[in-house]
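Student: Sequence:
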Amino acid sequence: MRRATFLASVRSDLLAILTYIADASGDVAVGEAFVTKLRAQCHKLASYEIVIGRARPELRPDIRSFPYMGYVIFFRYVDDRFEVVNILEGHQDIDAFFSGVDSFDPPPPDQD
Numbered sequence: 000m001r002r003a004t005f006l007a008s009v010r011s012d013l014l015a016i017l018t019y020i021a022d023a024s025g026d027v028a029v030g031e032a033f034v035t036k037l038r039a040q041c042h043k044l045a046s047y048e049i050v051i052g053r054a055r056p057e058l059r060p061d062i063r064s065f066p067y068m069g070y071v072i073f074f075r076y077v078d079d080r081f082e083v084v085n086i087l088e089g090h091q092d093i094d095a096f097f098s099g100v101d102s103f104d105p106p107p108p109d110q111d
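Numbering-wise, numbering that gives the first Met the number 0 puts 18 at position 19 of the sequence shown, and it's gapless, one number per residue.
Please keep in mind that the hints were generated in silico from the structure rather than gathered at the bench.
Yeah, the Cβ is synthetic: ideal placement off N, Cα and C, and Gly gets one too.
Incorrect hints may have been included.
[As the list claims (entries may be wrong)] Derived pair list, reagent style SDA-like, types lysine to any residue, alpha-carbon separation capped at 25 angstroms:
id	residue 1	residue 2
1	K36	Y76
2	K43	L17
3	K36	V77
4	K43	L58
5	K36	G52
6	K43	R1
7	K36	G25
8	K43	M0
9	K43	A95
10	K43	G25
11	K36	Y47
12	K36	F96
13	K43	S64
14	K43	E31
15	K36	T18
16	K43	S98
17	K43	S8
18	K36	Y67
19	K43	A7
[As the list claims (entries may be wrong)] Quick list of simulated restraints, FRET-style, between CB atoms:
id	residue 1	residue 2	range
20	M68	F96	27 to 33 angstroms
21	M68	A7	30 to 36 angstroms
22	E31	S98	30 to 36 angstroms
23	G25	V50	20 to 26 angstroms
24	R53	V27	21 to 27 angstroms
25	P56	V27	35 to 41 angstroms
26	D79	A54	16 to 22 angstroms
27	H90	P60	24 to 30 angstroms
28	E31	P66	38 to 44 angstroms
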């Protein structure tokens, strides 16, 4: 079974998502709960033994995506890892976002 890892960029994405939802709802717990669901979805996707998601060669040759509750999880398969590279709101200009990304940082060693 693959294990999910999260690049440093995902930490920033999740913090931005949490902040946005907390501000919009007026309740930090609502934002925290949604971020917990996003992370759980990433772990669930990692557990699948088949290759999943939509190939996104227009972004990067190895990037795939999977929609979840208005957001898009971007990931790649690296050896035995399901490496989450970004989680973005689905209405963003995804092409423009990825055109500004030169490379992805490796995940911190303590990531689950």
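Student: Holds or violated: K43 with R1, Cα cutoff 25 angstroms?
Tutor: The hint holds at about 10 angstroms.
Student: State, for the Cβ atoms of D79 and A54, whether the hinted interval 16 to 22 angstroms holds or is violated.
Tutor: For D79 and A54 the Cβ distance comes to about 20 angstroms; the hint holds.
Student: For the pair supplied as a hint, K36 and Y76, confirm whether the alpha-carbon distance does not exceed 25 angstroms.
Tutor: 21 angstroms, holds
Student: For the pair supplied as a hint, K43 and E31, confirm whether the alpha-carbon distance does not exceed 25 angstroms.
Tutor: 18 angstroms, holds
Student: Taking the Cβ atom of R53 and the Cβ atom of V27, is their distance within the range 21 to 27 angstroms?
Tutor: 32 angstroms, violated
Student: Check whether the Cα positions of K43 and S98 lie no farther apart than 25 angstroms.
Tutor: 28 angstroms, violated
Student: Check the hint pairing K43 with M0 against an upper bound of 25 angstroms on the C-alpha distance.
Tutor: 11 angstroms, holds
Student: Given the hint of 30 to 36 angstroms, check if M68 and A7 actually sit that far apart at their C-beta atoms.
Tutor: 23 angstroms, violated
Student: Is 24 to 30 angstroms right for how far apart the beta carbons of H90 and P60 are?
Tutor: Holds, since H90 and P60 (Cβ atoms, about 25 angstroms apart) stay within the stated range.
Student: Holds or violated: K43 and S8, Cα atoms, limit 25 angstroms.
Tutor: This hinted pair holds, its Cα atoms lying about 20 angstroms apart.
Student: Does G25 sit within 25 angstroms of K43, going by the straight-line distance between their CA atoms?
Tutor: With Cα atoms ~29 angstroms apart, K43 and G25 exceed 25 angstroms; violated.
Student: What's the verdict on K43 and A95, does the C-alpha distance respect the 25 angstroms limit or exceed it?
Tutor: Since the Cα atoms of K43 and A95 sit roughly 28 angstroms apart, the hinted pair is violated (cutoff 25 angstroms).
The structure fails to meet hints 9, 10, 16, 20, 21, 23, 24, 28 from the earlier list, while all remaining hints are met.
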